[in-house]
Every structure is written in structure tokens, then in C-alpha cells.
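Colleague: One-letter residues, chain by chain:
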Amino acid sequence: MHLILHDLPPMHWALAGAGIAAVTLTLLFVANRRLGISTGLEDLCSLVLDQPYFRRRAILSGRPWRLPFLAGLVLGGLLSAILSGGWAPTWSLGVFDVAIGLGPAGKSVWMFCGGLLIGFGTRLANGCTSGHGIFGLANFELPSLVATLAFMAGGIATTQFLYRVVFHYL
Amino acid sequence: MLGVLSLILGTIFGFVLSRSGAADYGVVQGMFLFQGFQLYGIIGTAVLLTAPGVWLIRTRGRTVFGTPVQIELKGLTRGTLAGSLLFGIGWSITGMCPGPILVNIGEGKVYALAALAGALTGAALFGAFYRRLQSPRVGVPRNREIASRTVPGIVPRVVYSGAMTDRARALAGILACALLGSTPAAAQIAAQARSAPAPPWTKGIVPINPESYYNAIECGKQPGGDPPCVFWDTGLCKNPDFTLAMYTPYKMVAYEVWRVVQQKQPAPQPNYTEAQRTNVTVGVTPVRGSKNAFADLVLKRGGRPVTPLSRSLGDGGGRFTFTPPAFAATSSLTLDLVGKTSTISCQIDRAVLAQFR
Chain A
1 MHLILHDLPP MHWALAGAGI AAVTLTLLFV ANRRLGISTG LEDLCSLVLD
51 QPYFRRRAIL SGRPWRLPFL AGLVLGGLLS AILSGGWAPT WSLGVFDVAI
101 GLGPAGKSVW MFCGGLLIGF GTRLANGCTS GHGIFGLANF ELPSLVATLA
151 FMAGGIATTQ FLYRVVFHYL
Chain B
1 MLGVLSLILG TIFGFVLSRS GAADYGVVQG MFLFQGFQLY GIIGTAVLLT
51 APGVWLIRTR GRTVFGTPVQ IELKGLTRGT LAGSLLFGIG WSITGMCPGP
101 ILVNIGEGKV YALAALAGAL TGAALFGAFY RRLQSPRVGV PRNREIASRT
151 VPGIVPRVVY SGAMTDRARA LAGILACALL GSTPAAAQIA AQARSAPAPP
201 WTKGIVPINP ESYYNAIECG KQPGGDPPCV FWDTGLCKNP DFTLAMYTPY
251 KMVAYEVWRV VQQKQPAPQP NYTEAQRTNV TVGVTPVRGS KNAFADLVLK
301 RGGRPVTPLS RSLGDGGGRF TFTPPAFAAT SSLTLDLVGK TSTISCQIDR
351 AVLAQFR
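These protein sequences, in sequence, are chains A and B. Going by this note's numbering, the first sequence opens with residue 1, and the numbers climb by one from there. Going by this note's numbering, the second sequence opens with residue 1, and the numbers climb by one from there.
Think of the hints as simulated: they come from the structure by calculation, not from any bench. There's no promise every hint is true.
What the hints assert, rightly or not - Here are the computed lysine to any residue pairs in the SDA-like style, where the Cα-Cα straight-line distance is at most 20 Å:
#, chain 1, residue 1, chain 2, residue 2
1, B, 264, B, 225
2, B, 340, B, 316
3, B, 340, A, 55
4, B, 238, B, 192
5, B, 340, A, 57
6, B, 300, B, 324
7, B, 238, B, 290
8, B, 340, B, 313
9, B, 300, A, 142
10, B, 221, B, 267
11, B, 238, B, 228
12, B, 221, B, 231
13, B, 300, B, 322
14, B, 340, A, 56
15, B, 291, A, 57
16, B, 221, B, 199
17, B, 238, B, 227
18, B, 340, A, 52
19, B, 340, A, 58
20, B, 203, B, 247
21, B, 340, B, 289
Just so you know, these numbers come straight off a predicted model, no measurement behind them.
Please model the complete structure; the sequences and the hints are all you need to start from.
Modeller: Encoded structure:
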């Protein structure tokens, strides 16, 4: 399966996994931080909101590494696009365009609703794919096993339901 | 320095997510439809390679700069399951988890901005309502003190400094929490019994029976001003804020004998019927100088609170009475010492409970 980005063939999964492990371990060994991206959502919230939840020391003390890391994620995507054939804004969404086929307005609403669940769910669960799925599992943390099984189950059920039942794509 | 390193690591991470398909809508749906191995391979490889690395770093106990390695632990709450299910649904709908949202924005996918707006709104909603949403474990009263300790991010931070036992790690965790100072924090400690006092006893706290009764009388005959079989609870769940004392049927009998023998009198036979009626009381007193005011004690087994027979607060501490089976050495239990500014959670393993008397 090729990527939406310039129809590139994806890099080998083993290489990608090794790259993620290298970043995770460097972050711990050098910066003494556990990998976790969804807490960064709170960091971003804390820039504009002053509810006590966003004023916690755990958030404010994480800013010096989390905000640059989030910026790096955007930069990484940007470099990836530039180095593979140029950067251009796009609404293209691969199999979604074939199976579900909403226009820009529909996609925005769709993505916003999905985003709500991501933002709310990862805060309630205190972690996402990176903090629970990669670091937590690698550190043998029970809450992370529960979280990983749950978000995989949620994702599998939803995609199966959307693509097989609602939109009869398969 | 930290910022530059994080920016570089984030960029590498983002590039890998972009090129591997982890940030690609189609690859994500392929994973959930069981049509592609790609993302399972990526996550599996990442975990398999990270695990021994984290273990090595923890064993070494020091970062490359020699500072103690600290890892914030995530607590298991009711929200862990429910929140992850919601997140899984969101991941499926958008084809992105939080990292890839940002990667897609970098790639120029316009709709990812809508996903980011949604995710920030979702996090902000959570922040606005979290006290009502985040109750710690199934069935625990949702009072303010308890809710506040489940705020993500202030769960225990474990410090690793070389090859340590789990107990040493837990104690190091308290130290780290104490160093955090005024921040509301939750500490986790593991209880230890005083070492092997005579006469031996391995059945834990039980309603008085002939065996425990005569064992307790033998215990009371032990010499010295502080026999560990009588005062077995000294230093239990030791922490900077609260001191615990346990009153049990066995202790009542042993103490009575000890008190009389100390006065050079012959060992008495304490009232058996009275001992049978004695329940187990946990007394909590504040440690002098501690600013963390005591609010409540919660005994939990299997994550569920055990309701005390009686509960009274006073003089900055409290007394909580339970039936002996509440402390039976059948499974581990947790004593949560809830304070106004932080909660100390003391885990008592089955093997330790068995040494209680």
C-alpha cells in the first residue's frame, strides 16, 4: 500500500520501528523524559487557558522539551514532503475519498469530531499510542497494556463498522 | 540545549512517522481492517527494541549526564479503559493519533488542522470537567482530595539509581515526591514488616483463636522494652506525613501480657472473650512538622474500597476500625492516606500481611 504523500512506498516497518525506539531511548537516556505526545495537547492548551488543570507543575515543567518536540513533529512532516517531491497543501485522503467521499467542509467536520475524541480520550486515559503503546508497554506498565488493548479495540471496531457496515466498501 | 535536542528528536520522529505510514490515513485503516502488517510491524518493533533499552537505562540508573533516571508512571484509573476506547474511535475516524496530527499538518494535509482543533477542544473540555470525570478507581468516593491525586502527571515518579529492588524504588519514589515540595502529589510506598520476631507467626491478622491466643501470650513474654512481635507495626508504611499504628486482637493479648511481665509479675491470661470481640483499628497521627493535613484513610482490596465499621477524625489524625477479615493475608491491599495536599498510597503485599499479627 502506498502513502497518500506523493504516492510513496512506505519505508520498511522494521526500520521505522528501530527509528522510533532510537528516539524514545535517546529522549530517556539524554533528556530523562518518557516519550509521550498527547500530554503535549495540554501544553498547547496551557498556552492560552489558565484553568488549574493546565497550570499543573507536571505540565509547565514539561514545556521546555514537549513544545520543541511537537514543533519537530511538524518540521519532520514538512521535511518529508519537501524531500519527496515538494510541499503543497492538499485535501487528499486516500481510501476515504473512494469509500466515504466527503468534500473539504465534510472532511473538516469529520476530522474535528474525531479530534474531539482523541483529545478528550487521551487525557482521560492519560496517554496515547506513544506514551502508553510504546513507552508504557516497553516499560511493562499494566495501565499501558489496558490502554493499548482498549484503543486498538476501539479503532478496530470503528473502522470495521465504518468500512464494512456503513459504507459497504469491503 | 534540551529544547534543541527535543526539536531534533521530534523532527526525526515526525519524519519516520511520515515515511513509514504511521501518519497515513490508509495505512492506519489497513491496520484496523487487518489488511496490512505495516503498522503492527512498526509498533511491535518499536516496543521490542525499546523494552531492553529502557531496562538497561533503568539498571544503570543514570542518564548520560549522571543524573538519576526518573520515569513518571501512569496510574490505572477508570479513565484508562474508557478514555482509550474513545481515543481508539477517534484514531479510526481521523486515521491519526496525536503525533501524526502534527506530522500531517507539516506535510500540508489541510484537514489535519481540523483534527488538531478538535483534539485541543477535547483536551480543553477534559481540563474543564476533569474533577467530575476522573474518579480514581471503581467505587472510590469522589471527594475532592481523592480526585485531585488522579490528575494525570502527578502520579508517582519513580527514580532509578542502579539495580534496586521494587521496594527501594517505591521508597525512592516518596523521596522524589517529597523533593517536589509543595506540589500536590501522590506517593506510593510498599509496607514492610519488622524482621522475624519470635515467636514466629505467618497467618496474618485473624480473629482470635486458641493458636493465635497462645502465640500472643508467648509473644508478651519476650524480653526488652520493644519486642518486635508486640510492636510489629512500628514504622509501617513509613512516610514523612503520617504515622500508622495498628490495634489487633493478637496485639491486645500480647501487649497485656508484655505490660504485666515488664512489671516482674507472672504472665496473665488476658480475657479470651474480649479478645474475640476485638476488631482491627488503624490509628493515624500526623508527623510533627508536616503540612499535609490528614483527611481520610481508604483501605482497598483489588481496587475496591473496604467500608470501615467505624471512622473518627480528631487531633489532626483519625481512627478507622475494620473487621479482621479486611486484613486477611489472602491478597495484597492498599492503604491510601488521603491528605489535603497529597495522598500517600501504601501497598501491603500478601507476604507482608501474613507477618502481621
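Colleague: Next step is simple, just say for each hint if it's right about the structure.
Modeller: Consistency of the hints with the structure:
1. 264/B x 225/B: 13 Å, holds
2. 340/B x 316/B: 11 Å, holds
3. 340/B x 55/A: 19 Å, holds
4. 238/B x 192/B: 9 Å, holds
5. 340/B x 57/A: 17 Å, holds
6. 300/B x 324/B: Holds, at roughly 14 Å.
7. 238/B x 290/B: Holds, because 13 Å separates the two Cα atoms, which is no more than 20 Å.
8. 340/B x 313/B: 14 Å, holds
9. 300/B x 142/A: Cα-Cα ~18 Å, so holds.
10. 221/B x 267/B: 7 Å, holds
11. 238/B x 228/B: The hint holds at about 16 Å.
12. 221/B x 231/B: 13 Å, holds
13. 300/B x 322/B: 12 Å, holds
14. 340/B x 56/A: 16 Å, holds
15. 291/B x 57/A: 19 Å, holds
16. 221/B x 199/B: Holds, at roughly 10 Å.
17. 238/B x 227/B: Answer holds: residue 238/B to residue 227/B is near 19 Å, not above 20 Å.
18. 340/B x 52/A: 16 Å, holds
19. 340/B x 58/A: 19 Å, holds
20. 203/B x 247/B: The hint holds at about 16 Å.
21. 340/B x 289/B: Roughly 15 Å between the alpha carbons, so the hint for residue 340/B and residue 289/B holds.
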